[in-house]
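Below, each chain spelled out in residue letters.
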Amino acid sequence: MAFATTLQRLNPLAPARARFQRWWQSRLPLADTLRLTQRNVYILPTAPGWMLAATLLVLLVASINYQLNLGYLLTFLLAGCAAVGMHVAHATLRGIDLKLVAPDAQFAGTSTVLTVQLSSERRTPRRGIGLALLGTDHWTWTDVPALGSATVHVAFAPATRGLHRVPAITAETRFPLGTFRVWCYWRPAAQVMVYPKPEAHPPPLPPGEPKSGGAGTGHAQSSGEFDGVRGYRRGDPLKLVVWKKFAKAGELVSRDSPQTQQHVLWLDFAQAGSASVEQRLSRLCAWVLQADQLGLDFGLRLPGAEIAPGGGAAHQRRCLEALALC
Amino acid sequence: MLKAPRSGLSSSARLSTLPREGRDTLFLLLVVAWVLLPQIGNLPLWCSLFAAGLLLARGWLAWTSGPLPSRWWMAGLLAVTLAATWATHRTLLGRDAGVTLIVVLLALKTLELRARRDAFVIFFLGFFTMLTNFFFSQSLLTAAAMLVALLGLLTALVNAHMPVGKPPLAEAARTAGWMALLGAPVMLVLFMLFPRMAPLWGIPSDGMTGRSGLSGTMQVGTMASLALDDSIALRVRFEGAPPPQDTLYFRGPVLSQFDGREWRAQYAGFGFENPREANLQVSGPPVRYEVTLEPNNRPWLLLLDAAPSPPQLPAQQTGRVFMTPDLQWMASRPLTDLTRYRAESYPDFRHGPERQSLRLQAYVDLPAGFNPRTLQLAADLRRDPRYANADAAAFVAAALEKLRTGGYSYTLEPGVYGRDTADVFWFDNKAGFCEHIASAFVVLMRALDIPARIVTGYQGGDINSVDGFWTVRQSDAHAWAEVWQAGRGWVRVDPTGAVSPGRIGSLARLQAPAGVFATAIGTVNPTLAANLRAAWEALNNRWNQWVLNYTQTRQLDLLKRLGLDVAGWEDLVRAIGVLLALLGAAGVGWMLWERRQHDPWLRLLAQAQARLRQAGVEVPAATPPRQMAALLARHFDAEADDRTAAVRDWLLQLEAQRYAPAASPERRAGLARLRRVFQQLAWPGS
Chain E
190 MAFATTLQRL NPLAPARARF QRWWQSRLPL ADTLRLTQRN VYILPTAPGW
240 MLAATLLVLL VASINYQLNL GYLLTFLLAG CAAVGMHVAH ATLRGIDLKL
290 VAPDAQFAGT STVLTVQLSS ERRTPRRGIG LALLGTDHWT WTDVPALGSA
340 TVHVAFAPAT RGLHRVPAIT AETRFPLGTF RVWCYWRPAA QVMVYPKPEA
390 HPPPLPPGEP KSGGAGTGHA QSSGEFDGVR GYRRGDPLKL VVWKKFAKAG
440 ELVSRDSPQT QQHVLWLDFA QAGSASVEQR LSRLCAWVLQ ADQLGLDFGL
490 RLPGAEIAPG GGAAHQRRCL EALALC
Chain F
-14 MLKAPRSGLS SSARLSTLPR EGRDTLFLLL VVAWVLLPQI GNLPLWCSLF
36 AAGLLLARGW LAWTSGPLPS RWWMAGLLAV TLAATWATHR TLLGRDAGVT
86 LIVVLLALKT LELRARRDAF VIFFLGFFTM LTNFFFSQSL LTAAAMLVAL
136 LGLLTALVNA HMPVGKPPLA EAARTAGWMA LLGAPVMLVL FMLFPRMAPL
186 WGIPSDGMTG RSGLSGTMQV GTMASLALDD SIALRVRFEG APPPQDTLYF
236 RGPVLSQFDG REWRAQYAGF GFENPREANL QVSGPPVRYE VTLEPNNRPW
286 LLLLDAAPSP PQLPAQQTGR VFMTPDLQWM ASRPLTDLTR YRAESYPDFR
336 HGPERQSLRL QAYVDLPAGF NPRTLQLAAD LRRDPRYANA DAAAFVAAAL
386 EKLRTGGYSY TLEPGVYGRD TADVFWFDNK AGFCEHIASA FVVLMRALDI
436 PARIVTGYQG GDINSVDGFW TVRQSDAHAW AEVWQAGRGW VRVDPTGAVS
486 PGRIGSLARL QAPAGVFATA IGTVNPTLAA NLRAAWEALN NRWNQWVLNY
536 TQTRQLDLLK RLGLDVAGWE DLVRAIGVLL ALLGAAGVGW MLWERRQHDP
586 WLRLLAQAQA RLRQAGVEVP AATPPRQMAA LLARHFDAEA DDRTAAVRDW
636 LLQLEAQRYA PAASPERRAG LARLRRVFQQ LAWPGS
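Line by line, the protein sequences are chains E and F. Residue numbering for the first sequence follows our numbering, starting at 190 and increasing by one per position. Residue numbering for the second sequence follows our numbering, starting at -14 and increasing by one per position.
Keep in mind that the hints were calculated from the coordinates and are not lab data. Hints are supplied without guarantee of correctness; some may be wrong.
[What the hints assert, rightly or not] If we take Cβ atoms under 7 Å as the criterion, some of the chain F residues that face chain E in the derived model are:
#	residue
1	His146
2	Pro148
3	Thr160
4	Met164
5	Gly168
6	Val532
7	Leu533
[To be verified] Stretch by stretch, here's where chain E covers chain F in the computed footprint (C-beta under 8 Å, at least three residues):
#	region
8	123 to 137
9	176 to 184
[Claimed, not checked] Stretches of chain E that chain F covers, calculated by requiring three or more beta carbons in the stretch to come under 8 Å of a beta carbon on chain F:
#	region
10	274 to 286
11	309 to 320
12	363 to 369
Since the structure is predicted, the reported quantities are computational estimates derived from the model, not experimental observations. The beta carbon of each residue, even a glycine, is placed where N, CA and C say it ideally should be.
Just need the whole structure built from these sequences, with the hints factored in.
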């Protein structure tokens, strides 16, 4: 395998070929559904196909040389089967409708799946159809039942954050004889949002900041009225900790008072460590997840963007998208 | 249940729980075994056993899901194979060595199924091994067996390309069957039209070993094996009434040189002899007939006695055709193929010199020191006062009389003949089959100074009641004598007839030992057996005529009858092109038809959409009927316009047709009605 790739690299035509392929792929229309027709299904013989051709030639020469009429029959029947096999192979892909199920947003570095639905209006099942991302070799094989549909999951692992177009997908079949490869290219129009990779072991959340413009911030803490309890937050005074709860359940819980709500958690790009931009974003991402898990309201400050404090799934998604697109 | 010890599982249960890979491998092994099975008789014993052992070992590994042997094992086995092949054939090239090697390689390769490529190698080697079967037999039975083998290999190949789950083999078999069925027209076109060429290079000399037939020499005793060979030598179809069976003498090599042990032909068949020496004169009406001769790897064309004009046959197959001075017809090339020719023979004929000549001296030569008692017998006859003035005819009659009355008998097991074969026959054993009798007779004639020679060939044959063809078998091989008589030339004398009248011209010939099955049928119902055999042979003959003997002449004939005037291979190639294009067009038609197979409801919906767009309503793709109705209502005023209301109703009916419960009247009304209504709808806005 390594040898083969080395060979490929040495091939003087390889760059031109790669450029041609890029140009070719960029010409493909973007669509989330694709009907495979005569126009976008390609077919070429495979290496075993050439082997079969060579076998047929040898059979023919042997038949001629030994004057075997039965040999001619065998050769021609095999050739006929191979020709029919070509049509069967092409018909296996032709007429399939490919539909991409809109992909969910995800985190960089994690592997996820693209869900593709293949539906067939043919009255016989279609066998041995493989799907893979263009340029990879991880095939997922499926059969499409007669007058039905099949769902295929293609693994997809985006490396960087941002809004990515779903990579080009190729479908292929070698059914029935393996002598022909029938394939198609498909560039789905859908885009997938990729959030930064959350840091594995992030430091604890930053302390809350006093709500800007809030009156009487300093003394309100000692009013002694409590609304309820909430998860311990760094910086909470020890007297607010409900020690009884800690003794029972082993988790730190603070008494919540209206005063504490005067504090707002801001996740700030500037305070997310001093490492590179990506690492900061990755920490912010981890914090966003953590804060959301704890049910805290939080705001996000990014260079050139600020998201007002809030909570809930929609808020979280907004924040993560902001991180992704930052 | 799965954890039960394996011994507790019956083998059928094991078969159904076998992992897919094991099941597929077992099936492939079965197919490979089927491909190799017909070869067993033609292979060296070690090769058959070795291949069987390898397949069994591989089958065991598949059954128990055991690991495959290492590459070192494979290399070792390969080396052993090559050595054994070399030891058997003294070469690794040539046909027989090649077949041996291919068979073993195919069996060996099953032990190495690591990658897809290995499987493909097995498939393609399998196809080639199927062809090697045809070196030995091209019979109908072989063809049927190989058709099954081809379907098996295709099934395995299709199954290998169903990567999902464990699909039943029957489904792959169905696909393979369909492919073969659809591929058959291509096969027919190519078979009928592919230009038949001469061999591209010389056929290796071992091309025809193992085929029995007449031989160019006669060593007393060799005919025993021929008499037991029930295979077919030739078939004849007479135009008009066939001559009586006892006059059917098909002439083969004429043996006139005797060294005491072996009879040899005087003419080797180079074609330089002068056929006028034969001095053939024919009279009476001719017998016209057509012979289909099985390949005999000899240049002999077997014709009825006596044919003055050459048989008509394709020249490229046999080269030049000529007659030797002793009336035998020969081709300049050995007949390695089924050959068909038409000929004319005259049962009433004379040949040979009419007067005593020096040339005839060769026909009274006897080796010195052999058969002293026969020589003594001849001398006694000459001295016998009864034969004082006897001519050749009288001595022939005397000899035949002696054969008839002297207690001589016909047998296929004459026992061991010593050095003086004629003596042993005349005085000791007094039993033998045609070649002993003919040889002893000719020796006696020569001892009497009468020119005599042995003619070998076939005598008799039986008619097939189904298609009227006469079948002549190797067991009809015969040896008779020709004696020269002054004023008459060579005269046929069949001394075997004197010993055993039944041997000549009767259906009750000596039967070869029949197989168990044939015996069983024969004892239950002899006529049924005969009829079955006749039907089978008629079928086989049809096969020979149409498939095996499909030569260029037949090819051109057939096309001429179809109205195509074809002159050479260029026309054939053109015809192939045209027919394949027609087949391709048929394929396209089929594809279009297949496209029509798509859901008719969706098609109707698409038509309605297109019609609405024409009417000016903007309909996005994939709009269901109800939404289309809503769009329509927004665009036109449904209450004000009857036409709009009708279209809306129609769209709702279309929806109901698709989604209403199966038993509802909307569903049962059917699409056809909706389609009819669609045609008649008046569209708003138009």
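**Request:** So, His146/F near chain E? Judge it on the closest CB pair being under 7 Å.
**Result:** holds (5 Å)
**Prompt:** At a threshold of 7 Å, is the proposed contact between Val532/F and chain E supported by beta-carbon distances?
**Reply:** holds (6 Å)
**Interface hint for Met164/F, Cβ within 7 Å of any Cβ on chain E** = holds (5 Å)
**Message:** Less than 7 Å between beta-carbons is the criterion; does Leu533/F satisfy it with respect to chain E?
**Reply:** Interface hint status for Leu533/F: holds (5 Å vs cutoff 7 Å).
**Message:** Is the coverage entry for the region 176 to 184 of chain F by chain E consistent with the three-residue Cβ rule at 8 Å?
**Reply:** holds (count 4)
**Item:** Interface hint status, Gly168/F versus chain E (Cβ within 7 Å)
**Value:** holds (3 Å)
**Prompt:** Should the hint that Pro148/F touches chain E count as held when the rule is a Cβ pair under 7 Å?
**Reply:** holds (4 Å)
**Request:** State whether the coverage of the region 274 to 286 of chain E by chain F holds or is violated, taking the criterion as 3 or more residues with Cβ-Cβ distances under 8 Å.
**Result:** holds (count 5)
**Asked** Okay, the region 309 to 320 of chain E and chain F, do three or more residues pass the C-beta test at under 8 Å?
**Response** holds (count 6)
**Request:** Go check the region 123 to 137 of chain F versus chain E for me, would you? Three or more residues, Cβ under 8 Å, otherwise it fails.
**Result:** holds (count 5)
**Item:** Three-residue Cβ test at 8 Å for the coverage of the region 363 to 369 of chain E by chain F
**Value:** holds (count 5)
**Prompt:** At a threshold of 7 Å, is the proposed contact between Thr160/F and chain E supported by beta-carbon distances?
**Reply:** Cβ of Thr160/F sits 6 Å from chain E, so the hint holds.
Consistency note: the structure conflicts with none of the earlier hints.
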